[in-house]
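Novice: Residue-level listing of the chains:
Number of protein chains: 4
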Amino acid sequence: MLEMSSFMEVALRYKVIFFDSYGVLRNFKGVFSGVSDMLKTLNSYGIEYFVLTNDASRSPQQLADKFHQRDVFEITSKKIISSGMLARDYLESKVRTGTVVYLGTENSAHYIETAGLKTIAIRDVDLETAENYSALVLLDDEGFDWNTDIAKTLNLLRKQNMPVIVANTDVTYPVAKHDVNVAIGAIGDMLEVLARKTFIRFGKPDSQMFSYAYNHALRKTKITKRDVLMVGDTLKTDIIGGNKFGVDTCLVLSGNIQPQNAELLINSTGIIPDFICDSVIT
Amino acid sequence: MLEMSSFMEVALRYKVIFFDSYGVLRNFKGVFSGVSDMLKTLNSYGIEYFVLTNDASRSPQQLADKFHQRDVFEITSKKIISSGMLARDYLESKVRTGTVVYLGTENSAHYIETAGLKTIAIRDVDLETAENYSALVLLDDEGFDWNTDIAKTLNLLRKQNMPVIVANTDVTYPVAKHDVNVAIGAIGDMLEVLARKTFIRFGKPDSQMFSYAYNHALRKTKITKRDVLMVGDTLKTDIIGGNKFGVDTCLVLSGNIQPQNAELLINSTGIIPDFICDSVIT
Amino acid sequence: MLEMSSFMEVALRYKVIFFDSYGVLRNFKGVFSGVSDMLKTLNSYGIEYFVLTNDASRSPQQLADKFHQRDVFEITSKKIISSGMLARDYLESKVRTGTVVYLGTENSAHYIETAGLKTIAIRDVDLETAENYSALVLLDDEGFDWNTDIAKTLNLLRKQNMPVIVANTDVTYPVAKHDVNVAIGAIGDMLEVLARKTFIRFGKPDSQMFSYAYNHALRKTKITKRDVLMVGDTLKTDIIGGNKFGVDTCLVLSGNIQPQNAELLINSTGIIPDFICDSVIT
Amino acid sequence: MLEMSSFMEVALRYKVIFFDSYGVLRNFKGVFSGVSDMLKTLNSYGIEYFVLTNDASRSPQQLADKFHQRDVFEITSKKIISSGMLARDYLESKVRTGTVVYLGTENSAHYIETAGLKTIAIRDVDLETAENYSALVLLDDEGFDWNTDIAKTLNLLRKQNMPVIVANTDVTYPVAKHDVNVAIGAIGDMLEVLARKTFIRFGKPDSQMFSYAYNHALRKTKITKRDVLMVGDTLKTDIIGGNKFGVDTCLVLSGNIQPQNAELLINSTGIIPDFICDSVIT
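Chains A, B, C and D, in that order, give the protein sequences.
Count the first sequence with the working numbering and you get residues 1 to 282, in order.
Count the second sequence with the working numbering and you get residues 1001 to 1282, in order.
Count the third sequence with the working numbering and you get residues 2001 to 2282, in order.
Count the fourth sequence with the working numbering and you get residues 3001 to 3282, in order.
I should point out that these hints are in silico values taken from the structure, not numbers from a laboratory.
Everything numeric in this text was worked out from a predicted model, so none of it was measured.
Please note that a few of the clues may not be correct.
[To be verified] A partial selection of chain A residues facing chain D, derived with a Cβ cut-off under 8 Å: (1) SER93; (2) ASN161; (3) LYS197; (4) SER207; (5) GLN208; (6) ARG226; (7) ILE272; (8) PHE275.
[Unchecked claim] List of simulated lysine to aspartate or glutamate pairs, EDC-like, C-alpha gap at most 16 Å: (9) B:LYS1177 to A:GLU128; (10) C:LYS2225 to B:GLU1092; (11) A:LYS236 to D:GLU3192; (12) D:LYS3225 to A:ASP89; (13) A:LYS152 to B:ASP1179; (14) D:LYS3159 to A:ASP89; (15) D:LYS3236 to A:GLU192; (16) D:LYS3159 to C:ASP2179; (17) B:LYS1236 to C:GLU2192; (18) A:LYS177 to B:ASP1065; (19) B:LYS1078 to B:ASP1065; (20) D:LYS3152 to C:ASP2179; (21) D:LYS3177 to C:GLU2003.
[What the hints assert, rightly or not] Among the chain C residues that face chain D by a calculated CB cut under 7 Å, a handful are: (22) TRP2146; (23) ASN2147; (24) ASN2155; (25) ASN2181; (26) LEU2265.
Even for Gly, the Cβ is constructed at its ideal location relative to N, Cα and C.
Using the sequences provided together with the hints, build the complete structure.
Specialist: See the structure below:
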């Protein structure tokens, strides 16, 4: 039998908390009530926190706005570490010049442009001049026509060798209690096989996400990895990623995993959280 | 160095020839000139032949019509063994009753209906009554909206456990000299991972395709596997499939594989044809 | 809730039964008591049966002897279809000449020699004359030194391109109630990745195994696929393989699958048997 | 055509160089002559360097000794970042107490013991008391009997859920000009599939290795990622890993990749180094 913990009792043992967003602080209906109070309590104890999210569809400011609209003002854009930020940093440090082709909405591309790069939507790409493009970045599942633009992307990669960045490794995301959408990570997985290239992925469970957040935290407070707790609802991203990075991990049952399945899933995957809680607000 | 053979010299040693269609008898421009004469020669020597094709988008009659339009009347619908025929047989023998959901054109679905089953396009499916559907079949990459219907298919499989049949295992197909389209097999591969189910696939290199053709041939003439030659342009479907089934194999360089890459590809994949020819018409 | 059936009531609806061996007719302790009587009943009703087994470590005669030692004389060598038989047929029809390198016991190699080929154990191979060997066949997990001979096999394949046959696709096999051994199929999977070659595999769930058995049955009695029932304890080999071949399938819970897990496993894999029974002897 | 660079001209543009070891500084014959002089030149320009190696079979001190034996005293144990160090840190921060089971030599285990943990070789494990072990770590391909201990490891994981650490992700390593050995990473890949668990891997191309080295460098000198060059002979570990971490990369052709294959491999993998040099000593 799994031992359940009270989230706040666990949290108070740490100096820094990393939260996953979806399934932990919010779901398809909106932000969980009680999140604002929970964060105020952490603030009152001087506990720092960050939100680590596999999302490249919006800038950190836009992601924070989603919380502000629900009166959770504790989550500012500075608190948000997104896989889109890692992708943007990669483009800035490694691609530097030229035009980057993107799959996603104009909104997602706008954020990439802050790296000083020109962007072009896949639909507007001219395959006859494929050598003009310096990288391809997969940002969001919306904003392009799958029937035509997935094949067009494949043909672009067949004509011109370039770095391909998958800015969100998630393969699905929930849109209703029982329904999901296919996320851009799944399109990336398909294209990588078809193009027979090695893509560069950003997002949990990769340690780069955790490293980025940890270095952010280090600028504010003197900590070691033992002072950090990763809180998430998904074993294969949040928990294995936190474990590997070397921080303690807490699984919450308010998202992907139903309470009655938790033990089976932990045993069958071999991914073992240090703590299990119902949610961050109970 | 690879030893090249004359196709007709090789072919005359056998009693039955299995031809792949695309890249062997035709390409994106149409049927190769000379195919009709080549088949007439086989006929004159009493050599039987069949076309084995990973195609579920059309009935054998419609596939044969494509040849007739180019004045190749030697290929009748009786000569064609398609992965769609195997899928149709499966539905007839194993599903038997109920309504089958399909991804593909109405044209592809019409052929499935000859198995005595009702069909419904994924767009018309009501997820609230998912228990009404007895199987899902992936027929063609056209005829549905990828942006919405791939996720709808996934949600259908999450709601109701049912057999899923991928009626064409190809992941891409050529549409111009350097351009490809994404085939329904690639959508099947993506959905199988996302749904975490085991799908049933029909098509080369699976031995069922060869077995079906071999049994067809047996009805016409007394043969053993040593009397059969498989001719194809793709190592990973035609050649490995033929090899495994136990018949001799002939790689032609008129399709997927450029002559200068043939040796490298054979060595790097370990898939070794018994013969290599420029094409079936030289 | 799963609907359970009585095995004999199900069996009597068919003309031919295909049995998996391990977990269905026997386990690590020996042949199930009652199997002889069950087979006698089938005989009395004129129902034909065959044993389909992923085993290349022994000849059909030796496999039958195991049953005879337990007084089950109904299973003769003629009733046994093993993946080793398919591998042997492949070598006979496609390799024909030369020396075949094997991983396995001398016993397993002896059977391959009946195809008219010379064999040599991997330990005796001279890598300096790699061009002398015409194929590699993986027969059994015993009979070679894994610490040295797995790497030696890999180096052989790096030096000389040749067909590689995996004569048993199973990756583990039970040796006690809770313990397994690693089977030669797992070694094959590892070597295929390391050598970056495409291996040829024989055994369930591949349809070739079922096709072979079906053709055997056809020689004795006039049947269609609707007259055949596949009985097995493993969803991923017996049941999906039988389903795909187009015959009815019956899952028994006397082997790999515990009764309390059956429904979960069927739902989570999407592999749906037509019937479920406790065992073939109840 | 690929543009070739002189290594020293490239190196002098950076403040910190990360070197892969095998194929870059040494091969199966020993350390390349000229390495000591090259490192002296870097020292004279105030350029810092580290050796990043996927090796868990020895401590950094023992790895450095290998260089000292060849009179390359510029590489001290402080200069070496090994995947074994990351595994050791993981065990120290996340496992903390109990007995760790290992696959490898006693030598490799000795280093793990510096994390304050007891260790036990797989051969000495008692499967009846599996609950006594707190983690499993795969260190080296030597030091255990593959025929028996791989299955024993699998049975241990079937009995007891525990973190599994693969301390070297390499799947082969060269032992002669044309021969390789199978590395512990390949055993890890096989066991992960058989046990159906998620293992934790340390080593290039994972960004944790680069992050660890980068933080080491930061302690000595003020740098950004643009000041760092990763030099390696392998696209799939050194180059993709460096690229993803955001530093410039230099492929050398003195190891895994033959000069005549470099362009083909870069195009076929899509892994693009910023520079290509013959070796670090020319």
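Novice: Would the pair A:LYS152 and B:ASP1179 pass a check requiring their Cα atoms to be no farther apart than 16 Å?
Specialist: holds, 9 Å
Novice: Check the hint pairing D:LYS3159 with A:ASP89 against an upper bound of 16 Å on the C-alpha distance.
Specialist: violated, 44 Å
Novice: Quickly compare the C-alpha distance for D:LYS3225 and A:ASP89 to 16 Å and report which way the hint goes.
Specialist: holds, 11 Å
Novice: May I ask you to test the interface hint for C:ASN2155 with respect to chain D, counting a Cβ-Cβ separation under 7 Å as satisfied?
Specialist: holds, 5 Å
Novice: A closest beta-carbon separation below 8 Å is what the hint needs, so does A:LYS197 meet it against chain D?
Specialist: Hint on A:LYS197: holds, closest Cβ of chain D at ~3 Å, below 8 Å.
Novice: Taking only the CA atoms, is the gap from D:LYS3236 to A:GLU192 under or equal to 16 Å?
Specialist: Roughly 14 Å separates the two Cα atoms, so the pair holds.
Novice: Quick one, is the C:ASN2181 hint okay against chain D at 7 Å, beta carbons?
Specialist: holds, 5 Å
Novice: Would the hint linking B:LYS1177 and A:GLU128 be met if the CA-CA limit is 16 Å?
Specialist: Given that 16 Å is the threshold and the Cα spacing comes to 13 Å, the pair holds.
Novice: Can the restraint linking A:LYS177 and B:ASP1065 be considered satisfied, given a maximum Cα separation of 16 Å?
Specialist: violated, 48 Å
Novice: Does the nearest C-beta of chain D fall within a distance shorter than 8 Å of the C-beta of A:ILE272?
Specialist: holds, 6 Å
Novice: Measure nothing beyond the straight line between the CA atoms of B:LYS1236 and C:GLU2192; if it is 16 Å or shorter, mark the hint as holding.
Specialist: holds, 14 Å
Novice: Should the hint that A:SER207 touches chain D count as held when the rule is a Cβ pair under 8 Å?
Specialist: Cβ of A:SER207 sits 4 Å from chain D, so the hint holds.
The earlier numbered hints that this structure contradicts are 8, 14, 18, 21 and 26.
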